[in-house]
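Novice: Sequence:
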Amino acid sequence: MQIFNSLTRKKEEFKPIHEGKVGIYACGPTVYNYFHIGNARPFITFDVLRRQLEREGYQVTFVQNFTDIDDKMIRRANEEGITVKELADRFIAEYYTDAGALGIRPATVHPKATEHIAEIITLISRLIENGHAYATPSGDVYYRVSAFPGYGKLSGQNMEDREMGASERLNEETDKEAPEDFALWKAQKPGEPSWDSPWGKGRPGWHIECSAMSMKYLGETFDIHCGGKDLLFPHHENEIAQSEGATGKKYVNYWMHNGFINVDNQKMSKSLNNFFTVRDIAKEYDLEAVRLFMLSAHYRSPINFSRDQIEAANASLNRLYTARNSLKFQIENGEDRPLNTDEEAFVGRLKIYEKRFDEAMDDDMNTADALGAIFELVKDANVTIQQGSSIEAAKAGLNSLEAICDVLGLLSRKEDELPEEIAALVRERAEARKNRNWARSDELRNKIVSAGYILEDTKQGQKVRKDV
3 MQIFNSLTRK KEEFKPIHEG KVGIYACGPT VYNYFHIGNA RPFITFDVLR RQLEREGYQV
63 TFVQNFTDID DKMIRRANEE GITVKELADR FIAEYYTDAG ALGIRPATVH PKATEHIAEI
123 ITLISRLIEN GHAYATPSGD VYYRVSAFPG YGKLSGQNME DREMGASERL NEETDKEAPE
183 DFALWKAQKP GEPSWDSPWG KGRPGWHIEC SAMSMKYLGE TFDIHCGGKD LLFPHHENEI
243 AQSEGATGKK YVNYWMHNGF INVDNQKMSK SLNNFFTVRD IAKEYDLEAV RLFMLSAHYR
303 SPINFSRDQI EAANASLNRL YTARNSLKFQ IENGEDRPLN TDEEAFVGRL KIYEKRFDEA
363 MDDDMNTADA LGAIFELVKD ANVTIQQGSS IEAAKAGLNS LEAICDVLGL LSRKEDELPE
423 EIAALVRERA EARKNRNWAR SDELRNKIVS AGYILEDTKQ GQKVRKDV
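First residue of the sequence shown? That's 3 in the numbering used here, and the numbers climb one at a time after it.
These aren't lab readings, by the way, just hints derived from the structure by calculation.
Hints are supplied without guarantee of correctness; some may be wrong.
[To be verified] Derived DSS-like pairs: lysine-lysine, alpha-carbon spacing no greater than 25 Å straight-line:
| id | residue 1 | residue 2 |
| --- | --- | --- |
| 1 | K416 | K381 |
| 2 | K381 | K357 |
| 3 | K191 | K218 |
| 4 | K203 | K218 |
| 5 | K87 | K203 |
| 6 | K203 | K155 |
| 7 | K178 | K155 |
| 8 | K74 | K87 |
| 9 | K203 | K74 |
| 10 | K269 | K74 |
| 11 | K12 | K252 |
| 12 | K155 | K252 |
| 13 | K416 | K449 |
| 14 | K252 | K231 |
| 15 | K416 | K465 |
| 16 | K191 | K23 |
| 17 | K23 | K12 |
| 18 | K252 | K17 |
| 19 | K12 | K114 |
| 20 | K465 | K449 |
| 21 | K436 | K465 |
| 22 | K465 | K381 |
| 23 | K114 | K203 |
| 24 | K397 | K381 |
| 25 | K269 | K252 |
| 26 | K12 | K191 |
| 27 | K23 | K357 |
| 28 | K218 | K251 |
| 29 | K231 | K191 |
| 30 | K449 | K468 |
| 31 | K191 | K203 |
As the structure is a computational prediction, the values presented were derived from the model and not from experiment.
Use the sequences and the hints to build the structure in full.
Specialist: Right, here's the structure in full:
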């Protein structure tokens, strides 16, 4: 697999630290609200990375954290008159609901920052001991950026261009040594949650949380760290400085960052009223179609979220389900015989489509081309697997289609049995057709279709499926 490494700014062949195993850390949500459509893109993208690596035989340890203590969380909890933990627990549960609806699998480990205070304090203490950090009389602890010559190597930021992270307190009375230094530990303010530390009661800074949690579960050096492009600076830059400053070792071998999402060709922002949570979008769109839309462009490219784009993705998704349902129908109603010449050729082509899919995925996760291979397979199956096809050929087509769609997290809906009232209409219509009562047959067809089902008459019987 070739991966574009944000650190070196070029594609590189992926070589894991431990043969057959891959460690991935993906930055997760700050759980003070439902996550928005911009958050959804990295969650989907790196879920697919994990699935493809598993398809290639790797044992993947996938770590995605929950930031469950920060300024926004404290502010919202105070507004609602609840504890920060109560707020966090609520929105962690909501994360799982929305992530599940998008087809995002749970991580191997979902660490919470508040459950790793001991590891965070240990890491900060190491940084103070080796001169990379310093405590202030007020009880804050800061990272000394000047002590780390490699600072800026990920983002390319120059010293004069550096800015403090959005999570940092802007305080005219700050006792930092230099403006670019960033907080590792924040002294308690009145009414804030706090933990005991060698520097007094306080709470961790945002950046140090990810360093501590990633190294606990993946080691001081691990394979892949990923997240949205917006995290590249300062968050990921600061993670490198903290982690390498503490250990003296390379922190991460490959950095991956996805591009931004625009909404109707405008940058997503609350002021433009185009800032949508996934929960909002689910009221109007099938979230599996949203997932397919996200994967229709290369993950590093910007992508434009619009009604037309989602409707196009939904039409493509319907094509996939129609193909799957047709193959299942032929498995149930096809001929139990050996493959004929055309079917043998079709089964051979399936391997070619799978090879094209894997080649696209191995080219820095080119999901757009991977989808192209899937739709070539669908077109071929629709032409080749017809009434009278062998069950074996239909099974081969279905297995191949489902295997590669699963890597992208598509075709995840299970086919439900027809509700009894619809099944009864189908049986009655079959009887009407048998008796050549065409008027009654048409009447029943209209009832079935108006209930939201697609009905096709074939030589093998009626094909009925939910209209998705």
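Novice: All hints, please: hold or fail.
Specialist: Taking the hints in turn, this is what the structure says about them:
1. Restraint check for K416 and K381: satisfied, since their Cα atoms lie roughly 22 Å apart, inside the 25 Å limit.
2. Restraint check for K381 and K357: the C-alpha separation of about 17 Å stays at or below 25 Å, so the hint holds.
3. Annotation: proposed proximity of K191 to K218 is violated, straight-line Cα distance about 29 Å (limit 25 Å).
4. Proximity of K203 to K218 is assessed by CA-CA distance (about 23 Å); at most 25 Å being required, the pair is judged to hold.
5. For the hint pairing K87 with K203, the CA-to-CA distance comes to about 18 Å; that is within 25 Å, so the pair holds.
6. Taking the CA atoms of K203 and K155, the gap is near 33 Å; set against the 25 Å cutoff, the hint is violated.
7. Only pairs whose Cα atoms come within 25 Å are accepted, and K178 paired with K155 is accepted, the gap being roughly 23 Å.
8. Only pairs whose Cα atoms come within 25 Å are accepted, and K74 paired with K87 is accepted, the gap being roughly 13 Å.
9. Between K203 and K74 the CA atoms are separated by roughly 19 Å; this keeps the pair inside 25 Å, and the hint holds.
10. Note on K269 and K74: the hinted pairing holds, with a Cα-Cα distance of about 22 Å set against a maximum of 25 Å.
11. Of the pairs offered as hints, the one joining K12 and K252 holds, with about 18 Å between alpha carbons and a cut-off of 25 Å not exceeded.
12. Between K155 and K252 the alpha-carbon distance is near 12 Å, which keeps this suggested pair within the 25 Å criterion.
13. With a CA separation close to 24 Å, the supplied pair K416 and K449 stays within the 25 Å bound.
14. Distance restraint check for K252 and K231: the Cα-Cα separation of roughly 21 Å lies within the 25 Å cut-off, and the hinted pair is therefore satisfied.
15. Restraint check for K416 and K465: the C-alpha separation of about 17 Å stays at or below 25 Å, so the hint holds.
16. Of the supplied pair hints, the one linking K191 and K23 is violated, its CA atoms being roughly 43 Å apart against a limit of 25 Å.
17. The suggested pairing of K23 with K12 holds, with an alpha-carbon distance near 23 Å, which does not exceed 25 Å.
18. Between K252 and K17 the alpha-carbon distance is near 15 Å, which keeps this suggested pair within the 25 Å criterion.
19. With a CA separation close to 33 Å, the supplied pair K12 and K114 exceeds the 25 Å bound.
20. In summary, the hint linking K465 to K449 is supported, as the alpha carbons are separated by about 15 Å, within the 25 Å threshold.
21. At roughly 16 Å between alpha-carbon atoms, K436 and K465 fall within 25 Å of each other, so this suggested pair holds.
22. In summary, the hint linking K465 to K381 is supported, as the alpha carbons are separated by about 19 Å, within the 25 Å threshold.
23. As the CA atoms of K114 and K203 are separated by approximately 19 Å, the hinted pair is consistent with the 25 Å bound.
24. For the hint linking K397 to K381, the alpha-carbon distance of about 16 Å falls within 25 Å, and the restraint holds.
25. Restraint check for K269 and K252: not satisfied, since their Cα atoms lie roughly 35 Å apart, outside the 25 Å limit.
26. Note on K12 and K191: the hinted pairing is violated, with a Cα-Cα distance of about 44 Å set against a maximum of 25 Å.
27. Only pairs whose Cα atoms come within 25 Å are accepted, and K23 paired with K357 is accepted, the gap being roughly 22 Å.
28. Our distance criterion of 25 Å between C-alpha atoms is met by K218 and K251, whose separation comes to about 15 Å.
29. Of the supplied pair hints, the one linking K231 and K191 is violated, its CA atoms being roughly 32 Å apart against a limit of 25 Å.
30. In summary, the hint linking K449 to K468 is supported, as the alpha carbons are separated by about 13 Å, within the 25 Å threshold.
31. A hinted pair counts as satisfied when its Cα atoms are at most 25 Å apart, and K191 with K203 qualifies at roughly 9 Å.
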